[in-house]
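As given, the protein sequences belong to chains A and B, one line each in that order. Be aware that the first sequence starts at 1, since it is given in the working numbering, and climbs by one per residue. Be aware that the second sequence starts at 1, since it is given in the working numbering, and climbs by one per residue.
If you're looking for bench data, these hints aren't it; they were derived computationally from the structure. Among the hints, erroneous ones may be present.
Derived DEER-like restraints, expressed as beta-carbon distance ranges [as the list claims (entries may be wrong)]:
1. V32(A) <-> A191(B): 39 to 49 Å
2. V39(A) <-> S131(B): 32 to 42 Å
3. T203(A) <-> D123(B): 27 to 37 Å
Even for Gly, the Cβ is constructed at its ideal location relative to N, Cα and C.
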Amino acid sequence: MSSDAFPTRRPALDRLDGAWAADKAAQVLMFVAGISAIVFILGIFAFIAREGLSFVFSRFSFAEFFGSIRWAPTSNSNPTFGALALIVGTASVTGMAMIVAIPFSLGAAVYIAEFARGRTRETLKVLVELLAAIPSVVWGFIGLSIMNKLIIDVFDVSVGLNVLNAGIILGLMAAPIMTTIAEDALKAVPDRYREAAEAMGATRWQVIRRVVLPAARNGLASAVLLGVGRGFGETMAVLMASGHSINLPTSIFDSVRALTATIAAELGETAVGSDHYGALFTLGLFLFLITFAINLTADLVVRGIRKK
Amino acid sequence: MDVDLDVKRGIITSLIGPSGCGKSTLLRCVNRINERLGYVRTEGLVEVLGHDAYDPQVDLSQLRRQVGMVFQRPNPLPISIRDNILFGQRMHEPDSPDLAGSAADDVVESALREVLLWDGVKDHLDRAATSLSLEEQQKLCIARLLPLKPSLILMDEPCSALDPKATAVIEDLIWKLRGDYTIILVTHNMAQARRASDECAFMLMGRMIEHRKTDDLFVTPKDQRTADYIEGRYG
Ligand SMILES: Nc1ncnc2c1ncn2[C@@H]1O[C@H](COP(=O)(O)OP(=O)(O)O)[C@@H](O)[C@H]1O
Ligand SMILES: [Mg+2]
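One chain only, chain A, in its complex shape (with noise of 0.2 Å):
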């Protein structure tokens, strides 16, 4: 009886077994897997602050860097580092992109939360997704042959490659993205809200309008940052459908450039520990920075809603 409650080969309380090993290991492994985020982007940071300070430190000049549109870094007689008119190349593409992206995403977003049900829901985001993943070379020829031919045909001018061209090309890639996310934030709306206006006598649009967007409005401004950061940051669509020179843009027809594609165009074609290879480090730096900045604070904006 008491042998049957008690077997006696019972396990010793103190060993430890390969589950116990098992476990520990797996707590390391996802530790490590963990923090080599963390590891890189310090890595990376040092490396890009690494090869960007030397030349911050002896050839760079704040008042050139940020108020001289004369980029000539590979002149013999007078190198210039002005990235004024690549800053505002680059922030006059987004903020085109950002015209075209965030009404075509919101929309989209509202449409895939509220509207659509069931089969159509589901085809609706795997098509957002797959949107999502059409490689940037891929925008960029689109931009280069497509968009070109028509913004000379449309609008009558002699170059088609401009920050209409890389705007519209940059926001249709950021769209998905920004799309996903902000349905996201509709979705995190608790459905109990919705009854309650509803009960209320809210129709389906006084309930988006008055309840559901108010409600998701961080996730939403996260949303747009983000996609404001993918704009900073994307390159090659940017490099192809820009025009890529050097200038002030005085209207959405003017070809400009912008820092990511300057840093594609030119790296390769410095000698390194150079004046040149240092500036264009230092672009990179002032890039870093901004979309740390950027997706630093989507993520703050975010958290705001869960604390309140």
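Chain B with the ligands: place on chain A using the hints.
Showing chain B with the ligands alone in chain A's frame:
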């Protein structure tokens, strides 16, 4: 479902029955909020103030303005207390003079006074409604119906998320609204039905078993199933 229920104006009718017998579903037919689920089919006739609620001519928005609803879990909108009260009117009559300037303040004050919430919140009307306690939230959910002057208020177990003290407060409040509004109060709490209603209807498995004056139903139930239920033999 086999239900025939005649609710008289100006009194509180409670709807009791074991969990799952279809009380909420029946209640949600009246303001047609069931329809938002998409897969619900409703048969039969629901008349509100002599109008067939399911007449194709009926404007859902107007119906729901006439028929307010209070839910089991308090569900104030995630906006300020003040905006919650004004929400209905802003939607239904955006140009109403009641919404301009100090008139809006009066609307907010009188609605909050009517649910005995005014003194507690008058100094922070701009605070998020979701930051209130559950009891206050439920009061607010009742208060926001009042500016639209609904002829019927549906309450689906309005106290079941609340503690006993808050329950007593909300019950008193419901009793106070009696006479000015017609109220259908769903509850699975028999003591509550007894305390807070004039008439009482007992439902079982989707059927209306008995509907009489509350006192009569509890003291001398006609149907054996009602008697069994109020004695606690099931449910
Ligand atoms: N008339 C009906 N026909 C079919 N199903 C019903 C009907 N009434 C209620 N139900 C189902 O019974 C379940 C419980 O109903 P509910 O109204 O929530 O009960 P209660 O509020 O009384 O607890 C729900 O899943 C609902 O779909
Ligand atoms: Mg129920």
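Tested hints:
A hinted range of 39 to 49 Å is violated for the C-beta pair V32(A) and A191(B), which are about 60 Å apart. Between V39(A) and S131(B) the C-beta distance comes to about 41 Å, which sits within the given range of 32 to 42 Å. The given range of 27 to 37 Å is respected by T203(A) and D123(B), whose C-beta atoms sit roughly 34 Å from each other.
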